[in-house]
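**Q** Please build the complete structure, drawing on both the sequences and the hints.
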Amino acid sequence: MEGFGVNFAFWTLSAVTLGAAGGVVVSRNLLHAVLFLILAFIGVAGFFVLLSAEFIAMAQVIIYVGAISVLVLFAVLLTPRAGRDNGETAMALPALLLAIAVATVFIFVVNDTNWTTVAKSPELATAELGTALLSTWVLPFELASVLLTAALVGAIMLVRSREEEAEDALA
Amino acid sequence: MSFYDSWSAIMVAVIAGFILVGTALIATRLLAPFARERGKAVSYECGMLPIGRNWAQVHVRYYLIAILFLIFDVETVFIFPWAVTFIDLPMFVFYEMLVFIGVLVLGLAYAWRRGVLEWR
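The listed protein sequences correspond, in order, to chains G and D. Numbering follows the numbering used here, with no gaps: position 80 of the first sequence is 80. Every number in the numbering used here is 171 more than the matching position in the second sequence, counting from 1.
Keep in mind that the hints were calculated from the coordinates and are not lab data. Ideal Cβ placement from N, Cα and C applies to all residues, glycine included. Misleading hints may appear alongside valid ones.
[To be verified] Reference listing, derived: stretches of chain D covered by chain G, where coverage requires no fewer than 3 residues with Cβ under 8 Å from a Cβ of chain G:
| no. | region |
| --- | --- |
| 1 | 238-252 |
| 2 | 267-273 |
[What the hints assert, rightly or not] Beyond 10 Å from chain D on every Cβ pair, some chain G residues (computed):
| no. | residue |
| --- | --- |
| 3 | PHE36 |
| 4 | PHE106 |
| 5 | VAL109 |
**A** Given below as C-alpha cells:
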C-alpha cells in the first residue's frame with residue numbers, strides 16, 4: 001500500500017493534525033481551542049484509516065470527535081466564572097519543558113524499537129470483531145449495555161436535585 | 172476491493188467539505204461590506220452599556236442532554252460491528268442485539284418517566 005496517494009495523505013494529515021494541535025495551545029479563545037482539538041482528533045482518525053484499522057478509525061470519530069469533545073465543550077460551558085480565555089499561566093515554561101522531555105523519550109523509544117513489518121496487514125476486520133463480540137464475548141457485550149444504563153441513571157440522580165423533585169411532587 | 176476504491180469517495184467528500192466551508196468564509200470576506208465602527212461591537216446599540224463580562228452560565232439541564240447523547244453515541248460503537256456482520260450469523264445474534272438495545276431503552280424510559288426529556 002505504497003504510492004503517491006498514501007504519501008500525500010500521510011503528509012497532509014500530519015500537517016493538519018500538528019497544526020490543529022498547535023492551535024489548541026496557541027488560540028486565545030477556549031472554545032476555539034476545543035474546536036482545534038476536534039480537528040486534531042479527526043486527523044488521528046485519518047491516520048488510523050491509513051493504517052487500515054477501519055474500526056478504530058470509526059471508533060475514533062464516534063468516541064473522540066463525538067463524545068469526548070462534547071464532554072470537553074460542556075466542561076467549558078458549565079464551569080462558572082472560568083472565563084473563555086486560554087490565558088497566560090505561570091506554568092507555561094514548566095509545561096513546555098515537560099512536553100520537550102516527553103517528546104524526547106518518545107522519539108528515542110520509537111527509534112530504538114525494532115518494528116517488525118508484516119507482509120499482510122494483520123487487520124482486525126470489523127465483521128470478525130462483530131462475530132467475536134456476539135459469540136464468545138456476548139456476556140461482556142450485554143454487560144456493557146447495563147453499564148451504559150447505570151451511567152444514564154446515575155447522571156439523572158446527580159442532576160435532578162431535591163428541590164426539583166419537590167416541585168414535581170407539587171405539580 | 173482495494174484501499175483506494177473503498178476510501179477515495181470519503182477522501183473526495185472530505186476535500187469537498189473543506190473547499191465548501193473555505194470558499195464560504197473567504198467569499199464573505201471578499202463580498203460582504205464591513206463597516207468597522209466601535210458602536211457595532213456593543214450589545215445594545217441604543218441601550219445601556221452592559222456591565223461585567225459576556226458570560227452566561229449554561230443551565231445544568233444541558234448536561235443531561237449531553238449525557239444522553241453520550242450514552243447513545245457509545246451504543247453506536249457497539250452496534251456498528253454487529254450491523255456489518257449479523258446477516259451472515261445465526262438468528263439468535265439478532266436477539267442478542269435486541270436485548271442490548273432493550274436494556275438501554277429501559278434507561279431511556281426511566282429518564283422519560285423522571286421528566287428529564289421535558290424542557291421546563
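**Q** Confirm or reject each hint.
**A** Hints, verified against the model:
With 13 residues bearing a CB less than 8 Å from a CB of chain G, the region 238-252 of chain D meets the requirement of three and the coverage assertion stands. For the region 267-273 of chain D, the stated coverage by chain G is satisfied: 5 residues place a CB nearer than 8 Å to a CB of that chain, which reaches the threshold of 3. Distance to chain D confirms G/PHE36 as a non-interface residue, since its nearest Cβ pair spans about 15 Å, more than 10 Å. Separation of G/PHE106 from chain D is adequate, the least Cβ-Cβ distance of about 28 Å exceeding the 10 Å criterion.
Every CB of chain D is more than 10 Å from the CB of G/VAL109 (nearest about 29 Å), matching its label as outside the interface.
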